[in-house]
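Asks: What follows is the residue order along each chain.
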Amino acid sequence: MHEVSLVQGLLEQVRQIAKENHADSVACIRVLIGPFSGVVLDSFSFAFDVLKKDDVLFSQALLEIQAPEPSFKCRYCQGEFGYSELEEEHGEISSLFPLPSTKCPGCGRHGLAPEGGDEILLMQVEME
Amino acid sequence: MCDECGCQAGGASSEKKVIEINKSLLDANQRLGEKNRHHIEQMGAIAINMISSPGAGKTTLLEATAERLSRATRFGVIEGDIETQRDADRIRAKGIPAVQITTGGACHLDAALVHKGIHELEHLLGPDELDLVFIENVGNLVCPATFYLGEHKRMVMVSVPEGSDKPAKYPRAFIGSDLFIISKTDLLPYFDFSIEEACSEAKRLNPDIKILTLSATTGTGVDEWLEYLNKILLEK
Numbered sequence: 001m002h003e004v005s006l007v008q009g010l011l012e013q014v015r016q017i018a019k020e021n022h023a024d025s026v027a028c029i030r031v032l033i034g035p036f037s038g039v040v041l042d043s044f045s046f047a048f049d050v051l052k053k054d055d056v057l058f059s060q061a062l063l064e065i066q067a068p069e070p071s072f073k074c075r076y077c078q079g080e081f082g083y084s085e086l087e088e089e090h091g092e093i094s095s096l097f098p099l100p101s102t103k104c105p106g107c108g109r110h111g112l113a114p115e116g117g118d119e120i121l122l123m124q125v126e127m128e
Numbered sequence: 001m002c003d004e005c006g007c008q009a010g011g012a013s014s015e016k017k018v019i020e021i022n023k024s025l026l027d028a029n030q031r032l033g034e035k036n037r038h039h040i041e042q043m044g045a046i047a048i049n050m051i052s053s054p055g056a057g058k059t060t061l062l063e064a065t066a067e068r069l070s071r072a073t074r075f076g077v078i079e080g081d082i083e084t085q086r087d088a089d090r091i092r093a094k095g096i097p098a099v100q101i102t103t104g105g106a107c108h109l110d111a112a113l114v115h116k117g118i119h120e121l122e123h124l125l126g127p128d129e130l131d132l133v134f135i136e137n138v139g140n141l142v143c144p145a146t147f148y149l150g151e152h153k154r155m156v157m158v159s160v161p162e163g164s165d166k167p168a169k170y171p172r173a174f175i176g177s178d179l180f181i182i183s184k185t186d187l188l189p190y191f192d193f194s195i196e197e198a199c200s201e202a203k204r205l206n207p208d209i210k211i212l213t214l215s216a217t218t219g220t221g222v223d224e225w226l227e228y229l230n231k232i233l234l235e236k
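In order, the protein sequences belong to chains Y and H.
Per my numbering: the first sequence = residues 1 to 128.
Per my numbering: the second sequence = residues 1 to 236.
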């Protein structure tokens with residue numbers, strides 16, 4: 001539900017950047033949204049499509065979302081593994097978070113926990 | 001394009017320009033949060049951000065805390081709700097200073113709202129009269145997890161009637177918390193709630209999370225909660 005306020009903040013930030021650079025229109029906004037940030041990507045895009053209509057500066061603006069793969073760290077062996085590595089080892093995992101029964105591919109123990117991935121970043125703005 | 005007629009002549013701004021930013025969308029909130037933390041420390045206090053669904057028992061736990069925490073520990077409460085003064089009134093009725101922040105519809109507190117709350121609390125008490133500030137977030141297990149308020153500890157609470165699957169279903173709130181409280185344990189005989197499931201799910205998401213079980217109504221487990229508070233106060 002807070003995707004709308006996040007996009008409002010994003011557009012405000014980009015508006016400021018456009019002003020500093022004397023730009024008339026924004027062509028593309030690139031963001032990175034971490035898998036554990038709690039942001040729903042569809043809601044974020046939807047909020048962007050709705051809110052961009054309020055300002056002619058954004059009438060042509062595209063939103064590009066980079067969504068990195070979830071990563072996990074084992075608290076026993078300190079090994080780090082991407083989601084796809086876990087799936088290679090265990091087959092398809094239905095949840096974003098591995099089940100308690102999911103063994104660490106490194107040491108075989110049950111020590112996997114989410115690592116990082118809570119970032120929501122404005123990476124790049126393309127403007128004219 | 002040129003300002004006079006809109007022609008393309010001599011317009012430097014018609015060139016495409018790519019600007020690298022690499023900055024968090026929550027940057028402004030994060031900075032204000034750090035300011036809040038500093039401000040609270042200058043008051044000689046530490047802050048706890050309380051997150052849960054509506055009705056999990058945050059206010060009731062604060063009422064029990066007011067009754068049982070040693071009078072030597074002075075605490076204040078910043079109440080976040082979408083509407084009404086009701087929770088702040090309940091806390092004030094126990095003789096504890098409380099300020100109410102109404103978000104007017106927003107589903108979470110952010111650092112700017114809490115900043116206002118801290119100033120109001122300070123106005124109410126004068127500086128240097130607090131050891132502990134509870135920030136009772138808007139009842140919601142989703143959005144509050146994204147916004148740092150300047151707290152020293154974050155706690156997440158789930159009550160027995162809500163079910164033991166809550167950590168698995170709302171992981172973000174558990175990943176970012178220091179303390180997990182299972183409340184209303186007096187209702188365990190009437191609900192299908194597995195303490196073991198709730199604890200193992202929470203530990204899986206966050207191996208460092210501390211877990212307490214309690215009932216603010218019967219008082220079971222409240223001593224351990226007070227012990228926890230005293231311990232973090234000693235660490236400050």
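Treat the hints loosely; a few may be bogus.
As the list claims (entries may be wrong) - A short, non-exhaustive set of chain H residues, derived as facing chain Y with CB atoms under 7 Å:
1. K16
2. E20
3. N22
What the hints assert, rightly or not - Ranges of calculated distance between the beta carbons of each label pair, as one might list FRET restraints:
4. H:N22 with Y:S25: 18 to 28 Å
5. Y:Y76 with H:K23: 48 to 58 Å
6. Y:E115 with H:N22: 15 to 25 Å
7. Y:C77 with H:A93: 44 to 54 Å
8. Y:V40 with H:L234: 17 to 27 Å
9. H:V18 with Y:V56: 15 to 25 Å
No lab work stands behind these hints, which were simulated from the structure alone.
Heads up, the beta-carbon is just placed ideally off N, CA and C, and yes, glycines get one too.
Asks: Does E20 of chain H pass the interface hint, meaning its C-beta sits closer than 7 Å to a C-beta of chain Y?
Replies: holds (6 Å)
Asks: Taking the Cβ atom of V40 of chain Y and the Cβ atom of L234 of chain H, is their distance within the range 17 to 27 Å?
Replies: At roughly 41 Å between Cβ atoms, L234 of chain H and V40 of chain Y fall outside 17 to 27 Å, so the hint is violated.
Asks: Indicate whether the distance between the beta carbons of Y76 of chain Y and K23 of chain H respects the range 48 to 58 Å.
Replies: violated (35 Å)
Asks: In this structure, is the beta-carbon distance linking V18 of chain H and V56 of chain Y contained in 15 to 25 Å?
Replies: With Cβ atoms ~21 Å apart, the hint holds.
Asks: Identify whether the interface hint at N22 of chain H stands, where standing means a beta carbon of chain Y within less than 7 Å of its own.
Replies: Because about 6 Å separates N22 of chain H from the closest Cβ in chain Y, which is inside the 7 Å limit, the hint holds.
Asks: Is the distance from the Cβ of E115 of chain Y to the Cβ of N22 of chain H consistent with 15 to 25 Å?
Replies: Holds: the Cβ-Cβ distance is about 20 Å, inside 15 to 25 Å.
Asks: Holds or violated: K16 of chain H as interface residue toward chain Y, Cβ cutoff 7 Å?
Replies: Hint on K16 of chain H: holds, closest Cβ of chain Y at ~6 Å, below 7 Å.
Asks: Quick one: are C77 of chain Y and A93 of chain H within 44 to 54 Å, going by C-beta?
Replies: holds (53 Å)
Asks: How does the Cβ-Cβ distance of N22 of chain H and S25 of chain Y compare with 18 to 28 Å: does it lie in that range?
Replies: At roughly 22 Å between Cβ atoms, S25 of chain Y and N22 of chain H fall inside 18 to 28 Å, so the hint holds.
The structure shown violates the earlier hints numbered 5, 8.
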